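Chain by chain, the residues:
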Amino acid sequence: MASEKKPSLGSAMVIGGCGFLGHHVVRLLLRDYTTTSISVIDLRCTRNRRPESDGVKYYEADITDADKLISVFSEARPDVVIHTASPPAQSNDSVSHALFKKVNVDGTAAVIKACQTTGVKALVYTSSASVMSDNKSDLINADERWPTVRGENQTEYYSETKAAAEELVLLANRASPAPSLLTCAIRPSGIMGEGDTMVLYHMINIYRQGRTGVQVGDNNNLFDFTYVENVAHGHLLAARALLLTSSSSTVPLDHERVDGEAFLVTNDSPVYFWDFCRAIWAAAGSPMGTDHVRVLPRGVGMVLGFLSECFFAMIGKPPTFNRQRIVYSCMTRYYDISKAKKRLGYRPLVSLDEGVRRSVKWTLEQEKVNAEKK
Amino acid sequence: MGAAQQIAYFLLHPNELRSIAQWKVWHEPVHRRDASKETPTEKSCFHFLKLTSRSFSAVIQELNPELLMPICLFYLVLRGLDTIEDDMTLDIKEKEPLLRDFHNIMEQDGWTFDKNGPNEKDRELLVHFDDIIFELKKVKKPYYDIIKDITEKMGNGMADYALNAEHNNIGVGTIKEYELYCHYVAGLVGEGLTRLFVESNLANPQLLVRMDLTESMGQFLQKVNIIRDVHEDWIDKRRFWPREIWSKYVDNWDDLFAPANREKALQCSSEMVLNALKHAEECLFYMAGIRDQSVFNFVAIPQSMAIATLDLVFRNPAIFERNVKITKGDACQLMIESTQNLRVVCDVFKKYARRIHKKNDPRDPNFLAISAQCGKIEQFIETIFPTQDPNKVRAGLKQEDPKMDALETFYLIAAALSTFILIGVLMIGIAWYFGARFDQVFKNIDQKIAGTVTSSVAAVTSVAHEEL
Chain R
44 MASEKKPSLG SAMVIGGCGF LGHHVVRLLL RDYTTTSISV IDLRCTRNRR PESDGVKYYE
104 ADITDADKLI SVFSEARPDV VIHTASPPAQ SNDSVSHALF KKVNVDGTAA VIKACQTTGV
164 KALVYTSSAS VMSDNKSDLI NADERWPTVR GENQTEYYSE TKAAAEELVL LANRASPAPS
224 LLTCAIRPSG IMGEGDTMVL YHMINIYRQG RTGVQVGDNN NLFDFTYVEN VAHGHLLAAR
284 ALLLTSSSST VPLDHERVDG EAFLVTNDSP VYFWDFCRAI WAAAGSPMGT DHVRVLPRGV
344 GMVLGFLSEC FFAMIGKPPT FNRQRIVYSC MTRYYDISKA KKRLGYRPLV SLDEGVRRSV
404 KWTLEQEKVN AEKK
Chain V
103 MGAAQQIAYF LLHPNELRSI AQWKVWHEPV HRRDASKETP TEKSCFHFLK LTSRSFSAVI
163 QELNPELLMP ICLFYLVLRG LDTIEDDMTL DIKEKEPLLR DFHNIMEQDG WTFDKNGPNE
223 KDRELLVHFD DIIFELKKVK KPYYDIIKDI TEKMGNGMAD YALNAEHNNI GVGTIKEYEL
283 YCHYVAGLVG EGLTRLFVES NLANPQLLVR MDLTESMGQF LQKVNIIRDV HEDWIDKRRF
343 WPREIWSKYV DNWDDLFAPA NREKALQCSS EMVLNALKHA EECLFYMAGI RDQSVFNFVA
403 IPQSMAIATL DLVFRNPAIF ERNVKITKGD ACQLMIESTQ NLRVVCDVFK KYARRIHKKN
463 DPRDPNFLAI SAQCGKIEQF IETIFPTQDP NKVRAGLKQE DPKMDALETF YLIAAALSTF
523 ILIGVLMIGI AWYFGARFDQ VFKNIDQKIA GTVTSSVAAV TSVAHEEL
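Residue numbers (this note's numbering), protein chains in the order written: chain R, 44 to 417; chain V, 103 to 570.
Incorrect hints may appear among the rest.
Listed next, the in silico BS3-like pairs over lysine-lysine satisfying Cα-Cα at most 25 angstroms (straight line) [claimed, not checked]:
id	chain 1	residue 1	chain 2	residue 2
1	R	Lys382	V	Lys145
2	V	Lys478	R	Lys385
3	V	Lys494	R	Lys382
4	R	Lys179	V	Lys494
5	R	Lys404	V	Lys452
6	R	Lys382	V	Lys239
7	R	Lys384	V	Lys478
8	V	Lys145	R	Lys385
9	V	Lys380	R	Lys384
10	R	Lys179	V	Lys452
11	V	Lys366	R	Lys404
12	V	Lys145	V	Lys239
13	R	Lys179	V	Lys478
Derived coverage of chain R by chain V (criterion: at least 3 residues anywhere in the stretch with Cβ under 8 angstroms from a Cβ of chain V; other residues may be distant) [as the list claims (entries may be wrong)]:
id	region
14	70-79
15	317-325
Please keep in mind that the hints were generated in silico from the structure rather than gathered at the bench. This structure is a prediction, so every number in the text was calculated from the model and none was measured. For glycine and all other residues, C-beta sits at the position ideal for the given N, C-alpha and C.
Could you put the whole structure together from the sequences, leaning on the hints where they help?
Here is the structure:
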């Protein structure tokens with residue numbers, strides 16, 4: 044790739060660029076693309092910062108503050124905006140609901156307004172594959188034709204807000220008052236990687252607590268996990284496609300257009316759910332095979348999950364183990380990413396196998412570094 | 103297997119006996135060869151087909167009459183070529199010209215060859231090769247041209263390998279070399295067969311455009327055989343596993359067979375299985391392009407046998423100790439399932455992919471890659487036969503009844519509460535049964551409390567006394 048000329052993205056801005064996904068987007072921008080400038084907006088810019096020599100400009104701003112956003116955009120003058128900012132999808136209480144609404148929906152509306160006001164050419168939004176899931180039915184090789192699940196059918200408010208925000212973004216494509224703004228959305232599934240505080244963190248904790256010996260369900264359910272670098276890659280391919288469309292005088296045909304569209308992005312390698320868990324545990328140093336594993340039928344798991352919810356409700360704490368997690372570990376949920384392959388030219392840069400190795404290694408090293416600081 | 107052992111085996115595995123009976127009694131060939139109308143040379147060809155191929159001869163003889171003889175002859179010509187190549191008693195100086203010129207030799211009326219060693223099991227084929235040549239003359243020109251072309255390519259490939267001293271002494275080096283070898287011995291066969299199928303209009307011409315699918319058909323079969331035959335080849339001092347793979351696990355090829363290295367050997371064989379599994383999707387894709395039922399049967403049976411064999415060899419230490427093969431009952435079941443339609447064959451592939459996945463071991467360096475490859479097979483099958491329809495999913499959202507959830511929750515709560523109550527009642531009942539005196543409980547409480555109060559008063563009094 045060194046001999047290859049790097050494609051240009053003009054002036055690029057990454058919103059949420061100090062976050063888990065965002066800082067990988069910044070890293071890939073520097074590695075694989077040329078830009079006239081790179082800007083980052085985040086609530087706090089102390090984490091995941093690039094060294095000064097990279098020339099990345101950092102702005103601290105709350106994206107729900109529309110006026111502040113417009114002022115930052117006016118200074119940075121981005122051509123391309125990649126909007127990755129989102130609260131983590133972990134909790135499900137009224138405080139989190141308010142935060143999801145504020146950041147995901149209102150914040151995204153503010154971003155769109157800032158783009159329209161300052162002449163941005165392309166906006167790529169990080170949506171989620173979970174917008175297609177009702178959190179209990181299987182999704183078997185689902186593609187973008189599957190409906191988004193909204194309203195009372197959607198049991199996760201996080202996904203409701205991601206779907207609402209995605210809709211706002213796609214409706215802003217070629218829309219007044221800024222018809223030159225092109226938009227699209229990326230729907231990643233099960234992101235894991237360096238900087239991961241959710242998937243990997245919990246998996247490694249289970250290993251540390253010696254709880255690798257229980258499996259719920261028959262482990263024939265396929266799940267799509269995606270290594271974070273591949274998600275970042277998908278975003279940048281989309282941004283590049285939007286810029287090319289923007290500079291073209293003709294409107295692309297329906298089967299090849301990128302603007303106004305959503306794209307599923309995965310590792311293109313669905314794996315059996317518990318195999319993924321075991322791969323992480325093995326990479327973290329577990330010497331165990333599968334001889335010690337006890338298999339619980341799904342029904343038993345559901346009852347235990349319910350009892351756990353009752354117990355934690357009585358002592359007034361959020362449950363660490365509940366029915367929804369049982370459902371997730373027994374659910375089939377994998378996607379057909381043909382659309383991203385055809386229209387964006389997307390292919391995973393890093394295999395899931397390699398992604399797991401890198402991520403676990405990084406996570407363990409971080410723990411060591413943090414331990415030394417104490 | 104002795105007769106008594108066999109009887110004992112079937113008594114313990116009645117399903118297998120049922121599969122064998124089903125295949126023998128109920129299988130109705132799409133086409134059946136009529137021996138009574140054959141000339142002596144035709145009979146001779148089919149005789150040699152049976153002699154040299156126990157597994158393929160049955161399915162070849164059920165082919166569409168248009169292709170029956172061309173494919174029979176194609177098989178015999180390649181077998182003849184292989185018999186020459188395989189014979190270690192022939193000097194390379196004699197062997198090489200024979201291999202390279204075989205596509206012309208097979209046009210010489212009356213040509214035969216009697217210099218194979220006495221132990222070469224298919225030598226009789228070459229001793230009577232004049233019968234094959236006679237029948238080749240009768241094949242339609244387009245089919246003949248295909249057979250000749252493949253014979254030339256294959257002969258040259260085999261000659262190159264025979265001359266390659268490094269290959270003979272050291273074995274296959276890289277994965278690329280391994281796949282090139284599989285191309286010459288099996289991929290070309292697939293190419294020839296595909297061209298015959300398309301020429302006779304029994305398969306989709308797109309298969310000629312997608313030669314990668316054809317290549318995968320041959321590679322898959324050959325790789326499975328190479329993995330399964332590892333011990334037999336080791337005994338014969340041949341090796342086909344690429345050094346690029348086995349050198350990750352052992353320093354010397356022979357170390358792979360030492361019992362102390364069994365776990366390393368299993369991991370090595372896992373990587374070989376992973377390498378073979380990547381062809382499975384393309385094999386299914388290829389079979390989707392077949393139009394004629396007898397041709398479908400002809401290509402599907404070996405592929406199903408191959409995926410079943412792959413499951414058999416996966417993480418199986420026996421492959422390093424002896425020859426392994428699928429049981430006769432399983433073979434008959436596979437043949438029944440392979441002679442239906444693509445959907446049934448997809449189910450076979452899915453079933454065996456899941457069996458491989460089930461045996462997968464997290465300590466294996468290729469654990470997640472194998473899991474992903476099995477997942478890919480399932481995903482590919484979903485693209486041909488989708489389980490879900492997006493329109494039905496959309497309709498399902500609107501019709502969903504929210505009360506079901508509440509009802510389920512109620513039942514769950516009721517079940518939990520019932521369990522608590524039941525356990526509580528049982529505990530009290532058992533306690534009473536073993537003589538617990540509940541009527542004494544309250545008296546005891548009263549006495550204890552009184553005692554405590556008395557002690558406290560005494561303590562206070564004592565303290566007061568000391569102060570005075």
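Tested hints:
no.	hint	in the structure
1	R/Lys382 / V/Lys145	55 angstroms, violated
2	V/Lys478 / R/Lys385	18 angstroms, holds
3	V/Lys494 / R/Lys382	21 angstroms, holds
4	R/Lys179 / V/Lys494	16 angstroms, holds
5	R/Lys404 / V/Lys452	33 angstroms, violated
6	R/Lys382 / V/Lys239	52 angstroms, violated
7	R/Lys384 / V/Lys478	16 angstroms, holds
8	V/Lys145 / R/Lys385	54 angstroms, violated
9	V/Lys380 / R/Lys384	19 angstroms, holds
10	R/Lys179 / V/Lys452	24 angstroms, holds
11	V/Lys366 / R/Lys404	24 angstroms, holds
12	V/Lys145 / V/Lys239	16 angstroms, holds
13	R/Lys179 / V/Lys478	23 angstroms, holds
14	70-79	violated (count 0)
15	317-325	holds (count 6)
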